[in-house]
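*Asks:* Use these hints to put chain B onto chain A, whose structure you have.
Okay, here's what each chain looks like letter by letter:
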Amino acid sequence: MLESKVAAVNDDWAIEVEALVKTYAGNPPVEAVRGIDLKIGRGECFGVLGPNGAGKTTTIEILEGILNATSGIVKIFGMEWGRDDRKLREHIGVSLQETELSEKLTVHETLTLFRSFYSSGISVAEAIARVGLQDKANVWVKKLSGGQKQRLAVATAIVGDPQLIFLDEPTTGLDPVSRRQLWEIIRGFTDSGRTVLLTTHYMDEAERLCDRIAIIDAGRVIAEDTPSNLIRSLGPQQRIEVTWEGTWMESERGEVSRIPGAESVIHSSQGLTLCVDEPHRVLPELMSLLTRSQVALSNIATRHATLEDVFVNLTGRHLLESDESGWGAKR
Amino acid sequence: MSNSQNSPQDRVLHPIFAVTVTRVREFIRQPEAVFWVYVFPLLMIFVLGLAFRSQGPAPLEIDLVDSAGAEQVKQWLAADSDVTWKEVSGEESRRRLRTGQSLLAVKLQDTAAGRIEYLFAPDRPEARALRNEIDQRLQLAAGRSDTLTTTDQHVQESGGRYIDFLVPGLIGMGLMGGGLWGVGFAIVDLRIRKLLKRFLATPMRPADFLAGIMISRMLFMVPEILLMFVFSWLLFGVSIHGSWLLLTGLVLLGAVQFSGIGLLVASRCKTLEAASGLMNLVMLPMWTLCGIFFSWKKFPEVLHPLIQLLPLTPLIDSLRGVVNDGAGIDELWPQVLLIVGWALTSFVIALSIFRWRDN
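Listed in order, the protein sequences are those of chains A and B. Residue 22 in the numbering used here sits at position 18 of the first sequence, and the numbers go up by one each step. Residue 296 in the numbering used here sits at position 244 of the second sequence, and the numbers go up by one each step.
It is worth saying that the hints were derived from the structure and are not from the lab. Each hint should be verified, as a subset may be incorrect.
[Stated by the list, open to error] Just some of the chain A residues that point at chain B, by a computed CB distance under 8 Å:
1) Glu68
2) Ile70
3) Leu71
4) Trp85
5) Arg90
6) Arg93
7) Val98
8) Glu102
9) Glu104
10) Ser106
11) Leu109
12) Thr116
13) Ser120
14) Phe121
15) Ser123
16) Gly164
[Stated by the list, open to error] Some residues of chain A that are not near chain B, with every Cβ distance over 10 Å (derived):
17) Thr160
18) Pro240
19) Leu290
20) Thr310
Note that CB positions come from ideal geometry on N, CA and C, so glycine has one too.
Isolated chain A (complex conformation) (with noise of 0.2 Å):
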């Protein structure tokens, strides 16, 4: 059964989008998705990042076949929506952002009825085995808690035996014990030569599951590479984040920039980071122009640069101020 799901599967690439634009009808109408590319290949992880609003949830449910889009080009496997749509859904497994799974039937029940939609598949039993449910099989889902609810909405999604699975912000609003269970699966899936997109607004998750990850903002993609590539062309690969209460002349802000081996600063009202490549060579300066200026230090701490400051280059705004900045309201 699974050789003959692999043969069917003849391209090189998993995914491939031209051009996709989604402009919802309206009054007046949402420019959800502006004209996005992107090529995913075979048994890669690949993290679709923004922030809420940014267009991932549309983009991912018009790969998944359940939205239409305005204009562009979709290939799944070489397959498009609209012609081959009952042999994509046999090899795709999706799990949705937001979906309330029957709360009276059991883990088992509920795997059950998903598994007679595919003409093959893995059992119940192993799905459930999959995700670590075997404790829960025969509890009501009502019963379940956030974490084990969205493993289970990832076992409906791989039940069918699926070559690409599609998970929509599988780990949002969960706990870190439950996010680390949710990588581990996602992980033992791409282990296995599978494709995984995934959307997330997490910087760390998106860093430490996906090969590859595209972060879009507004309906279209600003950056695209794999998560250590798209650090590196920040430059400088450390960051001191210094944070103080009160006010600081902005003379002395301005010393902070002349400091040798500070390549950049990035200020902010109460605070400021400094990019550099070698931080024991910036602290003494920093410390001592700190000591001198008297400020009422309230942090000092210095780390690798992550996914977050790619964002913040790029767009100028945190993605957690992106939240509330009202980037267009979800569907």
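*Replies:* Just chain B, lined up with the frame of chain A:
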């Protein structure tokens, strides 16, 4: 990750069967749904059957006014066991007439002359009937002889009582509610929970899904209708005069018809409020107009053609035809045709405008 074999105890179900089983499980795990579908109709039959039960011919009650001839009247009426009387004074009899405690007061002024006086309200038909009945009896007892020979035959088969009229009406009502709630509401609920969308992302065939929903609805309906018949037969002796086969066919047809209408109502609704509003809009006129509790013929004649076209009317009329009158398909075909028409129309429209996804 390589094991794609199905363990033998984990058989893969056919999607139609899987959807059906799922629906049945969800249904029986909702006590309130079970109450409305199974218990509530029986309560209706019980309460309404009790309130409107027929108690056989009531005794004829009259007031006998205290007078010289009262004893004579008593003698004349003594042979009639179904006449009871209360002896009252002239003043008392007027008060009782006025307050509606009695319908008729009888007064024999003079035994020798045989002058009888009846006191009653002429605008009350039952008072006039009682006056004529008592007059008849007294005249005969006093020696009048009739010129025509008459015999009375009392017809008292089950089928003519209110409960016999009511049960097919309630069954029609149950089929309507079941179709609209069991199919319409269930689908809107799935849409709101984004499950319809989630199912669409699987290779599930929409036809399999809809078939599962329909079959599960039929499964809930069978015990519902059987219970109603058995209950009303045990409690009130309601019996079915016509063909069981035809009755079964009509019930199934009615269920299919209202599943189609339920599907139509659900085809576009995005919120439960919109769905409940639309369902009430569909059901309320039929509750009042289509003859569940009383014949639709009591409405003004201009409305009759309209009422007869509503989907519930032909269903209840034909159910009544089979249950109460033993009618066959030769008489009921116009109604059957209308039901089939409604079923086909609603399914075709519902499927062509049905919204599986959001955009």
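*Asks:* If a hint holds in the structure, say so; if it doesn't, say that too.
*Replies:* Now for the hints, and whether the structure bears them out:
1. Hint status for Glu68 (chain A): holds, given a least beta-carbon distance of 5 Å to chain B, under 8 Å.
2. Nearest Cβ of chain B to the Cβ of Ile70 (chain A): about 5 Å, under the 8 Å cut. The hint holds.
3. A hinted interface residue such as Leu71 (chain A) counts as satisfied when its beta carbon comes closer than 8 Å to some beta carbon of chain B; here the least separation is about 5 Å, so the hint holds.
4. The criterion of a C-beta within 8 Å of any C-beta in chain B is not met by Trp85 (chain A), whose closest approach is roughly 11 Å, and the hint is violated.
5. A hinted interface residue such as Arg90 (chain A) counts as satisfied when its beta carbon comes closer than 8 Å to some beta carbon of chain B; here the least separation is about 5 Å, so the hint holds.
6. Proximity of Arg93 (chain A) to chain B holds as hinted, the smallest CB-CB distance being about 4 Å (cut-off 8 Å).
7. Annotation: Val98 (chain A) was flagged as interfacial toward chain B, and the flag holds, the nearest CB pair being 4 Å apart, inside 8 Å.
8. The interface hint given for Glu102 (chain A) holds, since its Cβ lies 6 Å from the closest Cβ of chain B, which is under the 8 Å cut-off.
9. Interface hint at Glu104 (chain A): satisfied, since its Cβ lies 4 Å from the closest Cβ of chain B, which is below the 8 Å cut-off.
10. For the restraint placing Ser106 (chain A) at the interface with chain B, the shortest Cβ-Cβ distance is roughly 6 Å, inside the 8 Å limit, so the hint holds.
11. Checking Leu109 (chain A) against chain B: minimum C-beta separation of about 6 Å stays under 8 Å; hint holds.
12. Checking Thr116 (chain A) against chain B: minimum C-beta separation of about 6 Å stays under 8 Å; hint holds.
13. Annotation: Ser120 (chain A) was flagged as interfacial toward chain B, and the flag holds, the nearest CB pair being 3 Å apart, inside 8 Å.
14. Taking 8 Å as the C-beta contact cut-off toward chain B, the hint placing Phe121 (chain A) at the interface holds, the least distance being around 4 Å.
15. Restraint check, Ser123 (chain A) versus chain B: the minimum CB separation of about 7 Å is within 8 Å; hint holds.
16. Because the closest C-beta pair between Gly164 (chain A) and chain B is about 7 Å apart, less than 8 Å, the hint holds.
17. With a closest Cβ-Cβ approach of about 8 Å to chain B, Thr160 (chain A) is found to fall inside the 10 Å limit, against its non-interface label.
18. With a cut of 10 Å on Cβ distances, Pro240 (chain A) stays outside the contact zone with chain B, its closest approach being about 41 Å.
19. Annotated as non-interface, Leu290 (chain A) keeps its C-beta farther than 10 Å from every C-beta of chain B; the closest such distance is 50 Å.
20. Listed as a non-interface residue, Thr310 (chain A) keeps its Cβ farther than 10 Å from every Cβ of chain B; the least gap is roughly 31 Å.
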